[in-house]
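Protein chains: 2
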Amino acid sequence: MDLKTAKELLMKMQAKASAYAHAVDLLSFDGETVAPPKTVSNRAHALEILNEEIYRLTTSEETVELLDFLGEHKEELDAKEKRMVEILSRDLKFMRSIPMDEYIAYEKLLVEAGEAWKEAKNNNDFDHFAPFLEKVFAAVKKSAAYVDPSIDPYDFWLNEFEEGLTREFCEKFFEEIKERIVPLIHKISERPQVDDSCLKGDFPEFKQEALSYYLMDVIGLDKDHVGLSTIEHPCTISLGSHLDERITTHYHRENVASSLYSVVHEGGHALYDTGSADDLVYTVLDGGVSMAIHESQSRFYENIIGRSRAFIEWILPKMKELFPEKYNDVTADELYKAVNRVEPSFIRTEADEVTYSLHVLIRYELEKKLFSGEISVRDLPTEWNKLYKEYLGIDVPDDTQGVLQDVHWSDGLIGYFPSYAIGSAYGAQFLAKMKESVDVDGCISRGDIGQINEWNREHIWKYGSSKTPKEILEIALGGEPFSTDYYVNYLEKKVSEIYGL
Amino acid sequence: MDLKTAKELLMKMQAKASAYAHAVDLLSFDGETVAPPKTVSNRAHALEILNEEIYRLTTSEETVELLDFLGEHKEELDAKEKRMVEILSRDLKFMRSIPMDEYIAYEKLLVEAGEAWKEAKNNNDFDHFAPFLEKVFAAVKKSAAYVDPSIDPYDFWLNEFEEGLTREFCEKFFEEIKERIVPLIHKISERPQVDDSCLKGDFPEFKQEALSYYLMDVIGLDKDHVGLSTIEHPCTISLGSHLDERITTHYHRENVASSLYSVVHEGGHALYDTGSADDLVYTVLDGGVSMAIHESQSRFYENIIGRSRAFIEWILPKMKELFPEKYNDVTADELYKAVNRVEPSFIRTEADEVTYSLHVLIRYELEKKLFSGEISVRDLPTEWNKLYKEYLGIDVPDDTQGVLQDVHWSDGLIGYFPSYAIGSAYGAQFLAKMKESVDVDGCISRGDIGQINEWNREHIWKYGSSKTPKEILEIALGGEPFSTDYYVNYLEKKVSEIYGL
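For the protein sequence lines, the chains are P and X, in the order given. Mapped onto this note's numbering, the consecutive letters of the first sequence carry residue numbers 40 to 540. Mapped onto this note's numbering, the consecutive letters of the second sequence carry residue numbers 40 to 540.
Treat the hints with care, since some could be wrong.
Heads up, the list lumps identical chains together, so a pair's fine if it works in one copy or across two of them.
In the SDA-like style, the derived pairs of lysine to any residue whose C-alpha atoms are separated by at most 20 Å in a straight line are [claimed, not checked]:
1. K55 / V79
2. K262 / E158
3. K180 / K408
4. K408 / A169
5. K147 / A60
6. K246 / D437
7. K132 / D187
8. K51 / E87
9. K174 / L42
10. K262 / S80
11. K365 / P383
12. K51 / S80
13. K533 / A169
14. K376 / L116
15. K147 / D235
16. K77 / Y253
17. K211 / S411
18. K55 / E87
19. K132 / H225
20. K55 / Y94
21. K77 / T313
22. K43 / Y145
23. K246 / D187
No lab work stands behind these hints: they were computed from the structure.
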């Protein structure tokens, strides 16, 4: 094989992988958004066969030979090609370590587990979900051991979602933020509570949908390449490449804030993905690099932008236009305080910025204990409720609002949760850096997201996955080390002003 | 190879093909219904690669060997297996006759042609579409010559959509119906016109959507397996198997009849597909056998059922509930006459039952002339308008309402149109047969579609593609030969009563 041919094959292989990914991702997306209710087994049949094809393609002898050859000629590759070979070799190692029949069975299990989770959540029936979740946990532990038996399996999975992430980092991170956030919540609880009744009422779906499309414009999404669908559990997905992105939301008729902030959160993910440089398309370098960097963007737009005073002033006229009877007499200050009300609650995705990281911490602690064998899947509801009492001081009323609330575990996303909190902290430090060159509040006040998006594009988005998360942090922070102080200082400052602490 | 292994491979091969078909069909369906507007090239990229994979699978040496082996052991196969081998061998012959690069290029062309058609239709710009349509016609002519140069290429394509159909049959068919339908239209034009103002007004989309779901229930569709989406040009699609079927509609705010009859028409297709016996799933025998049999069902539900007096009496209360201001004072007789108003018009899919077949005849004549070289693609608008004047006596105002109205040609469906008219005629003869054992009007009057669907299931649906269209006709008609008389008699009787002829 000569180098030129090898490089061409490398691009061709990635293009093929992107086409298969497009197909299987669309099958899942369609299943969650459009498909009739009882079509799961039909979809699972197609997914099983296509995943088997993907497995064959990824692990074929030709692929092994190609990556070996390119690995031996590293010095003749450019930086992007090197990174492609690195990522593909890691994926290859992962895939070849897992026997094909187990890989196929696992993909099939996820489809079934997803359905079982939905049913269990709807019926507050953890027992229905437990056997599937047991299998998922067993499978991810087993695959970690297949790929690298020398690493602790939970460390293995943390690293899968956030290259370089370890339990050691998580321990220190959560310790530092817990130390300052728990007392902050206590202080707030002693102050008069903020009134958020302006968020509750009757908000017809078609009007909330109009608000969603407005918000997509506000944060600068390109609707020619980003679609909006409704779903049980909002998420964002790239189909084939960053040229086709789908965000999703869920409308709650009595609560306008839920979908509003879903759209801005998922919109942040979509901004990041669609911001990949166009020459990364149909390669493994296309789209966001890791979960924490991804969440740094989604939670940046949801909270730092979306829950700022200037943003509320920006969107209030639209709220008045869509829901005049509700918002005609509401001031920006009232709405600002309402969307920033701090109060321990049951649902992570609906939580305020201050208590949010404690929701994440609870999931992190449970995953750790499940991996170490300290608890079993059957203990989850009890342990979940115990930790909610301990950290947030609340009694979880049922599993639907407790351990069954998140889609992640049913989807095999174990070790993913910490990135939500870490990403939030990254975002606060990015804000500080951004403010050195961008008048952030001024931009939002002028109704112009342009410079903010441009800073993110230049420092984060355009790289896609061509840099490691660590390199992205270095670029965005100009070499300054990461510190939780930015995050906690940001939270303290904001809520002190709102609650008069 | 032993026979047992060969039979297993036969089933496995079909299962794999169904998974790929699921993927590519879903990519197209998503593109037409949900995808953001400028994601075409991204989708074309995936489709190109997946179609290449399908081509490889279908034409591989293993497939050839397998089908050869099974062909040599025909006498040891059961009827279904024989039919599978027959269909797969025909497909294999088709695929292997066409060079792979041309096959891939054609699939890509269809994606581009689809987009060009949409734009051309929106902008009344035939010139924008013409170069793509020229390529489509050239490609289908060429592929007919590749597969069987001994057959006239138009006959080849007629047979592709309706096994056994020839120009000879079409000539006789259209001659017979034209002879009686043209004078019928003349007679009607001399009578006072029926008032259809009760179909025109302001019908908000969300209420029309509620009507769609109601109609799906009325005709007995299983919403657990049949979905409803909106689209530019309504169609029905099976995804992977008959277990996941999607019908589509297009809401016109000012005209309630358009979507109403789209839903019932597409619903007829979906009833047929989903009625396949469950043991046909993931094989080539799953789903409807041909276009004329398909249209016999869709147009049966749309017209023979949906435009009957008893059906109108059935759905009128729902119309009154959804649109009280419009329908409170409308009688069943008024609505019945309105939905059966006969009047030459521009749009085939909106045409009444009497003029409908002339719309089809026009397309048939144009396709014939394009294949014979008598006219070229550039002549189409002029020739189209000339024939509308000649057969329907109307002046087509623009190409959007003329030659650009149908999606078929952009989709490579050339030779498909005749099946609409032939299927309508089949349906009328099926009705006569059905009435020998089912009190059709009585069932509809009681609001019970059950026995009607059961007759169709037993005589048509359950066979899927395991019988040829000719065999289905024999079963459904109890051996009686096909005659256009049933169709024209049905039309004459119905409109004579309405127009007092």
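Evaluation of the provided hints:
1. K55 / V79: Classified as between: cross-chain Cα gap 17 Å, same-chain 26 Å, threshold 20 Å.
2. K262 / E158: between (33 Å within a copy, 18 Å between copies)
3. K180 / K408: Within one copy only: 13 Å inside a chain, 67 Å across chains, cut-off 20 Å.
4. K408 / A169: Within one copy, since 16 Å is at most 20 Å while 66 Å is not.
5. K147 / A60: both (16 Å within a copy, 19 Å between copies)
6. K246 / D437: This pair counts as neither: shortest intra-copy Cα distance 31 Å, inter-copy 36 Å.
7. K132 / D187: within (9 Å within a copy, 49 Å between copies)
8. K51 / E87: For K51 and E87, only the inter-copy Cα distance (13 Å) is at most 20 Å; the intra-copy one is 24 Å.
9. K174 / L42: For K174 and L42, neither the intra-copy (44 Å) nor the inter-copy (38 Å) Cα distance is at most 20 Å.
10. K262 / S80: between (33 Å within a copy, 16 Å between copies)
11. K365 / P383: neither (26 Å within a copy, 51 Å between copies)
12. K51 / S80: Only across copies: K51 and S80 sit 17 Å apart there, 32 Å inside one copy, limit 20 Å.
13. K533 / A169: neither (40 Å within a copy, 61 Å between copies)
14. K376 / L116: Classified as neither: same-chain Cα gap 53 Å, cross-chain 75 Å, threshold 20 Å.
15. K147 / D235: neither (43 Å within a copy, 53 Å between copies)
16. K77 / Y253: Only across copies: K77 and Y253 sit 19 Å apart there, 34 Å inside one copy, limit 20 Å.
17. K211 / S411: within (19 Å within a copy, 79 Å between copies)
18. K55 / E87: both (18 Å within a copy, 10 Å between copies)
19. K132 / H225: neither (48 Å within a copy, 76 Å between copies)
20. K55 / Y94: For K55 and Y94, both the intra-copy (12 Å) and inter-copy (15 Å) Cα distances are at most 20 Å.
21. K77 / T313: between (33 Å within a copy, 13 Å between copies)
22. K43 / Y145: The answer is neither: 37 Å in one copy and 29 Å across copies each exceed 20 Å.
23. K246 / D187: So K246 and D187 fail the 20 Å test inside a copy (51 Å) and across (57 Å) alike.
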